[in-house]
Amino acid sequence: MDQSNREKTNVRRRKSFLTKRLDRFFLELYHIYAFVSRFFREVFFPPYEWREIIKQCYEVGVKSLPLISITAFIIGIVFTNQSRPSLAEFGATSWLPALISVAIVRAMGPLVTAIIASGKIGSSIGAELGSMRVTEQIDAMEVSATNPYKFLVVSRVLATTLMIPALTMYTTLVALLGGYLNVHQNELTTLITFFTQVFDAITFLDIIASTVKSVLFGFTIGMVGCYKGYHSSKGTEGVGKAANSSVVTAMFLIFIEELLIMQVINAIRIM
Amino acid sequence: MNTADNKRSIIVGIFVLLALVILIAAIFTLGGNQKRFISTIQVRALFDDVAGLKTGNNVWFSGVKIGTIKSISLHGDSQVEVTMNIEESAQEYIRKDAIARISSESFIGNKNIIIESGTQQAGIIQDGDRITAVNPLNTDDLMETLQQNNKNLVAITGDFKQLSSKLVNGEGTVGAMLTDTAMADNFRTIVANLQRVTQNTMRASNDLNRFTSQLNNPGSLANELITDTTVFNQLQSSMAQLKEASTSAAALTQNLQQATSNINSQNSAMGVLLNDKEFARNLQSTMQNLETSTEKFDQNMEALQNNFLLRGFFRKQAKEQEKLKQQQQSQPQDTTVTN
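Quick note, the sequences are listed as chains A and B, same order. So for the first sequence, the working numbering puts the first residue at 827; every next one is plus one. So for the second sequence, the working numbering puts the first residue at 591; every next one is plus one.
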C-alpha cells in the first residue's frame, strides 16, 4: 500500500519539471519568446494586411493625438512652472528652455507618450483580442484558413511601432510649446530665442535615442497588448484581466526599457 | 478599398508626414545649431589640462560661436590634444598666432574654448594648423586665493572691531570727536564760523562781481583804463619815461654817492675842508687873523676918511646920497595927486 502511494507521488512530481510555479513561469517565457519571434517571421513575408495596418495606425495614431497633445501641453506648462523656483534660486531662470528641452526630448516626450498610449491603446488591444479569443473568433479565423496572427497581431504591433514614434514627435513639440508659453509669460523670452536655447541643449544622440526609445515602446505596447489578448482565457473575466494586464505589464516594461536605454545612451555619450 | 478606407489612409498619411516633418525640422535645426552641415576646417591645440572640456562643446571667437570640439585625446606624456571644427567663414579672422583658451559658458555652465585672434602679420590659419593653448585657471588655485582673501578679511574685520571699540570708548582723536560734548560744541562753533566766513566770502564775491560789472560799463574810468588803447599807450610811454627818469635818478644817486664819498675823502678840497681837523684849526686861526686884520683895516679906513686929502670926496658922496633919498620920498606923493 505504502509503495503504491509512493509511486503515485513520484508520478505527480514528474508532471512538474521544476516546481509548478517555476514551470509556469518558464512556460510563459517560452510562449512570449515564441509569440515575439513569430512576429518577426510573419512581418517580412506576404501577404501584407495593408488595410488592417492602416486602420490600426488610424486608431493608434490619429485617434490618440488629441488626448496626447493636451496631456503634453499641460505637462510642458506644469514642468516649466515647477522647475522655475529651483533655477530661480541660482538666478538661472534663463536656463529654463535648456532644462525643458533636455527633460522633454530625452525622457518625458517618449515616456509620456508611451504611458498614455499603453493606457489607451494597450488596454484596447488587450480587450479587443481577448474578447475575440473568448468568443472564439480567433479560432474561427484559424479554421477558415486566415492567419489570425498576421491579421490581428502583426498589423497592431506594426501600427503601434510606427505610430508611437510619430506621436512622440507631436508630444515633444507640443510639450515644448507649452513650456515656451510659460517661459514667455514669465521671462518674456521670444520664440526664436527659446527654440535656439532648446536646440543648443540637445544633440543628435538625444533625438536618435528618443526615436529609438519610442519605437521600442510602441513595439512593447503592441506586443504586450496582443499577447495578453491573444492568450486570454476564462471567459469575460479573462477579457478584463487581459486589458488590465496589458496596461500594467506594458508600463512596467516601458520603465525598464527606459532605464536600460538611458544607460546605453549615457555610455555612448561618454565615448 | 471603399471611401472610408481611403479617407483613413489619407489621414494616417498626413499624420505620419507631419511627424516626419517635425523630425526633419528638428534634425536640420539641430544640425544648423551645431554647424554640422557647413564646411569646416580642423584646428588643433595642445593643453596641459582641459578642465572637463567635452566633445561637442562650443568654440567661440569674439563672442560668436564658430565651431565645436571634434575630439579630445591624450598626447605625449600628460598633455591633451583638442581638435576643433571651425567654420570656413571664420577662417580668415583667425591668425596662425591665435591663442586658444578654455573658459566656461557661465559660472556653473559647460566648458568651451575661446580663440583670441593673433596679429595681422602672422597670416591666416590653415586646415590642420596647431595654435597656442593657454591653460585654464584651476579651481584649486581659485580656492587658494579665496582662502587667502578670507584670512585677510578676518584680519581686517579684527582691526575694525578693535577700532570701533576704541571709537565707542572715546579713545583717540576720532573717539573724542564722537563722544566729547565740548569738542562737539567747538565743532559747532567752527561750523558757525565757517558759515560766517562763507557769507563774507559770498558778500566779497558779490562786491567783486559788482566791481567787475562796473569795469564793463563803457565810459567809466576803469573801463576806459581797460579798454582805451590810447590811454594805455600814454601810460606805456609814461612808464617808459618814468623808467628813464628812474634810470637818471639812479645815475644821479650814484654821482651823488660818488660826490659824497669824495667829500668824505680827505683827498679833495671839500673833503679837506670838512674833515681835516688840522686844516680847520689853521682855517680858524686864519679867520682870527683875518678878523684882526679887518678891524685894523677898518681903523685905517676911518683914519683915511678923516684925512684932508680924501675928506672932500666922502662929503660929496654923502650929499649925492641925501639927494637921491629925497627924490625917492617925493615920487609917491606925485602919483597920489594925479589920481
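Worth flagging that the hints you see were computed from the coordinates, not collected in a lab. Wrong hints could be hidden among the right ones.
Here are the simulated lysine to any residue pairs, SDA-like style, with alpha carbons at most 20 Å apart [stated by the list, open to error]:
1) B:K701 x B:E682
2) B:K644 x B:S661
3) B:K660 x A:T1029
4) B:K701 x A:A924
Note that the coordinates shown come from a computational prediction; the quantities given were computed from them, not determined experimentally.
Checked hints:
1. Using a Cα cut-off of 20 Å, the hinted pair K701 of chain B and E682 of chain B is violated, with the two alpha carbons roughly 25 Å apart.
2. Restraint check for K644 of chain B and S661 of chain B: satisfied, since their Cα atoms lie roughly 8 Å apart, inside the 20 Å limit.
3. For the proposed pair K660 of chain B and T1029 of chain A, the alpha carbon gap of about 14 Å is at most 20 Å, so the pair holds.
4. This hinted pair checks out: K701 of chain B and A924 of chain A have alpha carbons roughly 16 Å apart, not beyond 20 Å.
Violated hints amount to a single one, hint 1; each of the other numbered hints is respected by the structure.
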